[in-house]
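Based on the hints, put chain B in the right spot on chain A.
Protein chains: 2
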Amino acid sequence: VSAFLPQLSIRTKRDGGRLADDELRAFVRGAADGSIPDYQLSALLMAIFLRGLDDRELATWADAMLHSGDVLDLSAIARPKVDKHSTGGVGDKISLPLAPAVAACGVAVPMVSGRGLGHTGGTLDKLESIPGFTVDLPVERFTELVDRLGCCLIGQTARIAPADRKLYALRDVTATVESIPLIASSIMSKKLAEGIDALVLDCKVGDGAFMTTIERARELCAAMQAIGRAAGKRVTAVLTRMDAPIGRTIGNALEVEESIEVLRGGGPADTRELTVELGAEMLALGGVASGDAARARIARALDDGSALALFGRLVEAQGGDARVIDRPREVLPRAKTRTPVLAPAAGVVSAMRSRDLGTAALLLGAGRKRTADAVDPSAGIELVAHLGDRVERGQPVAFLCHGDLPSDAVERAAALTIGAYDLGGSAPAPLSRILEVLR
Amino acid sequence: VSAFLPQLSIRTKRDGGRLADDELRAFVRGAADGSIPDYQLSALLMAIFLRGLDDRELATWADAMLHSGDVLDLSAIARPKVDKHSTGGVGDKISLPLAPAVAACGVAVPMVSGRGLGHTGGTLDKLESIPGFTVDLPVERFTELVDRLGCCLIGQTARIAPADRKLYALRDVTATVESIPLIASSIMSKKLAEGIDALVLDCKVGDGAFMTTIERARELCAAMQAIGRAAGKRVTAVLTRMDAPIGRTIGNALEVEESIEVLRGGGPADTRELTVELGAEMLALGGVASGDAARARIARALDDGSALALFGRLVEAQGGDARVIDRPREVLPRAKTRTPVLAPAAGVVSAMRSRDLGTAALLLGAGRKRTADAVDPSAGIELVAHLGDRVERGQPVAFLCHGDLPSDAVERAAALTIGAYDLGGSAPAPLSRILEVLR
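Here the protein sequences line up with chains A and B, keeping their order.
Here the working numbering is used: the first residue of the first sequence is 1, the next is one more, and so on.
Here the working numbering is used: the first residue of the second sequence is 1, the next is one more, and so on.
Extracted from the complex, chain A is given alone in its bound form (with noise of 0.2 Å):
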């Protein structure tokens, strides 16, 4: 469009009207390349924001950020490319025995993850707890580690979707965050980026997630759905249970260790189920297997030690200490002090408010409140008791660990962590993680 002025076309979308193609794209290309000012994009999100994108706009839109940017170029991996996203939650570790069990199948995952922030942990920062581990691998080096181990595990480059580097740090300061086109685009323009062939969408739903209603949830799902149908990328969402953490661990070191206690085929059962279900998602989309038969391969890799060894040579090639996946406590950083946390009263775990837990891990340094802060790898919690779970009173529900830190951080860390735990006098129906799997 030769006479784009982006003052109508914001107009436009104020009065609940379709943004063209060519405005969207120049929007976004205006937005990476600086030439539309912080002022127009920003009331262009606001107004997205509450006139929202319809599935075309939305379509434009994803493929515009996508194309910002580097888009990799997997094609001459012949096996099929297949990546996980979560939307973020409190202990979620999957990725870590997900990514090598799926591998182990003979589905590629060529995963593009990211830090931490606020009360969720990040994949990057619980992988840079093993020592010498790199996130920062070049794109060659990523695509021959996918192509030769099946699987490797890298951070966001500046070069990936550069458009939506730009909009989400107007969205963070101008509350336009939580709109589901504009965080379903910015996510799936990273993810396509990848050069992928399907994605599976871990979609948190609860207390502790993004997502606190289903109805939301399936609205998120949906409009991922829509981007990946228009970029011809299947995508299967799950969406799955936020209410207490999962496994047992809140923190990168802890995480890790937990992990490897999954791919020993062992580990706590939400964080199996989880791995297993969204690994089989992963392998029907492969087109490897599906169904009972798919739970059973990522089933079989868990349990054979398979993953485990693939999860090893994916450490070593990173620069890690492989030694980690037979001696995890020995070569993880330890927290120099556990606090226990004690039980106020006997009873039943009834609940468990894991965005309070996750809070309580952010304060003794397992996390960031600023995007610049660093995080300290040995530092988190170790939760004792979990759903179901009965203690008695002056028992340790769980221990907390960290470093050296004022009193009052260790106090407020306590606080909420003893305030994340109801304890009824009964113990709440066992419930599968996995509410319901849109595909």
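Hints should not be assumed to be uniformly reliable.
[Claimed, not checked] Cut-off 25 Å, straight-line C-alpha distance, at most; resulting in silico cross-link-like pairs (SDA-like, lysine to any residue):
1) A:Lys336 x A:Ala289
2) A:Lys336 x A:Gly394
3) B:Lys233 x B:Asp73
4) A:Lys369 x B:Thr12
5) A:Lys369 x B:Ser35
6) B:Lys336 x B:Leu423
7) A:Lys336 x A:His119
8) A:Lys369 x B:Lys233
9) A:Lys369 x A:Asp321
10) B:Lys369 x A:Ser35
11) B:Lys233 x B:Ser35
12) B:Lys369 x B:Ala158
13) B:Lys369 x A:Pro37
14) B:Lys233 x B:Asp207
15) B:Lys233 x B:Ile434
16) B:Lys369 x A:Arg313
17) A:Lys233 x A:Ala158
18) B:Lys369 x B:Gly118
19) B:Lys233 x B:Ala76
20) A:Lys369 x A:Leu332
21) A:Lys369 x A:Gly419
22) A:Lys336 x A:Ala158
23) A:Lys369 x B:Ile36
24) B:Lys369 x B:Gly419
25) B:Lys233 x B:Thr157
26) B:Lys369 x A:Ile36
27) A:Lys336 x A:Leu435
28) A:Lys233 x A:Gly265
29) B:Lys369 x B:Thr157
30) B:Lys233 x B:Val71
31) A:Lys369 x B:Leu8
32) A:Lys233 x A:Leu145
33) A:Lys369 x B:Arg11
34) A:Lys336 x A:Ala346
35) B:Lys369 x A:His119
36) B:Lys369 x A:Arg11
37) A:Lys369 x B:Pro37
38) A:Lys336 x A:Arg390
Source of the hints: derived by calculation from the structure; they are not laboratory data.
Small disclaimer: the values here were computed from a predicted structure and weren't measured.
For chain B alone, coordinates are given in the frame of chain A:
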């Protein structure tokens, strides 16, 4: 508020909530001093555009804008001080005869006016077509003239409502102009800064006006009255018809000439009617007279030469050539060329689209597309045929007055002018310009 975070307040408004006084004042202060970045201001403006402000928020927002700069103190002037504000029309020269007529009746008129933009004209541009006339007077001189003569007409200084100037510039490029609370607070903050006791608002309604429906016009008036009420100032709103242009001239010097006709007791009926009706409301607010008695006072001031004499003294005091009141055609700049626009068929003028006529005058040099443009004081349109007039084929309906222009500019203006006339079979019923008065 020690912990004011703009994004939290933007979120509140985005979700349709109420902003606290402190939050509103912090935004306006941040706009004036530059401490809140443009992208947050524009996100807030869009949220206000789509979610609105309630009466309390509106009053606080307007009060904060008013106090972002200087507020004139006219308390030394004993007479009641009443101003008139028009939302802007085509051919709207009413301020010129109105201010001296009202002042001649004993009510002081401290008038701070604006310049024309787009298809509507501005009082300052009209006054400046009088050779030597200056609208840039120091505040002390303005106050002195209001006291001595009863009226003075100046331009807005940079020190009046600086937050409004900042926000207005942002609104212009972020499609957040046409918002009732934002328009109302912008106008009222500037008017209340004049130190007036009361205000008559001439709210134009129709094709040539900013408010095209009477419902929207009523909403705007209600918002401005709410702001006035909160500030302890009475506001009378007069809704007036803005279909055909006001009077028979559009353009700066042409409108001054027509205003002088009104000040001589003549002039087009609608132009005199508006002067008398708006003047009567100003006298009522000033406590001098009301109803028919007030109308008679204004009419007498126009008919007995007292308003004209006062206008001459005003021109003299503001540096202009006061001979203009007796020999306007000699004193005012004349256009080099008068291009007739001929009727394509015989008929009676049944409708005139004033927006197109305003745009035609702009193309001839009478107005500005951008704030920085210069105007040609002699340019404009003389409307030979007006509502209800019979025209024959080939007879001029209007003359385009202009200097040396590219021929396509004159052709476009001529096409707009002829297209603005509806030539029907019968004359429309003569209608008053006054639609309703809200006191």
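Restraint check for Lys369 of chain B with His119 of chain A, where alpha carbons must lie at most 25 Å apart: Violated, at about 51 Å.
Agreement of Lys369 of chain B and Pro37 of chain A with the hint, judged by alpha carbon distance not exceeding 25 Å: holds, 22 Å
Restraint status (C-alpha distance of Lys369 of chain B to Ser35 of chain A at most 25 Å): At roughly 23 Å apart (the allowed maximum being 25 Å), Ser35 of chain A and Lys369 of chain B satisfy the hint.
Distance restraint between Lys233 of chain B and Ile434 of chain B, which requires alpha-carbon spacing of 25 Å or less: Answer holds: Lys233 of chain B to Ile434 of chain B is near 23 Å, not above 25 Å.
Pair hint outcome, Lys233 of chain B versus Ala76 of chain B [Cα-Cα no greater than 25 Å]: holds, 18 Å
Satisfaction of hint between Leu145 of chain A and Lys233 of chain A, Cα-Cα up to 25 Å: holds, 23 Å
Pair hint outcome, Lys369 of chain A versus Lys233 of chain B [Cα-Cα no greater than 25 Å]: At roughly 49 Å apart (the allowed maximum being 25 Å), Lys233 of chain B and Lys369 of chain A break the hint.
Holds or violated: Lys369 of chain A to Leu332 of chain A, with C-alpha atoms at most 25 Å apart: holds, 24 Å
Distance restraint between Lys369 of chain A and Pro37 of chain B, which requires alpha-carbon spacing of 25 Å or less: holds, 22 Å
Satisfaction of hint between Ser35 of chain B and Lys369 of chain A, Cα-Cα up to 25 Å: holds, 23 Å
Restraint check for Lys369 of chain A with Leu8 of chain B, where alpha carbons must lie at most 25 Å apart: Between Lys369 of chain A and Leu8 of chain B the Cα gap is close to 16 Å, so the pair holds against 25 Å.
Holds or violated: Lys369 of chain A to Ile36 of chain B, with C-alpha atoms at most 25 Å apart: holds, 22 Å
Hint compliance for this structure: hints 1, 6, 8, 9, 11, 14, 16, 22, 27, 28, 34, 35, 38 are broken, all remaining hints hold.
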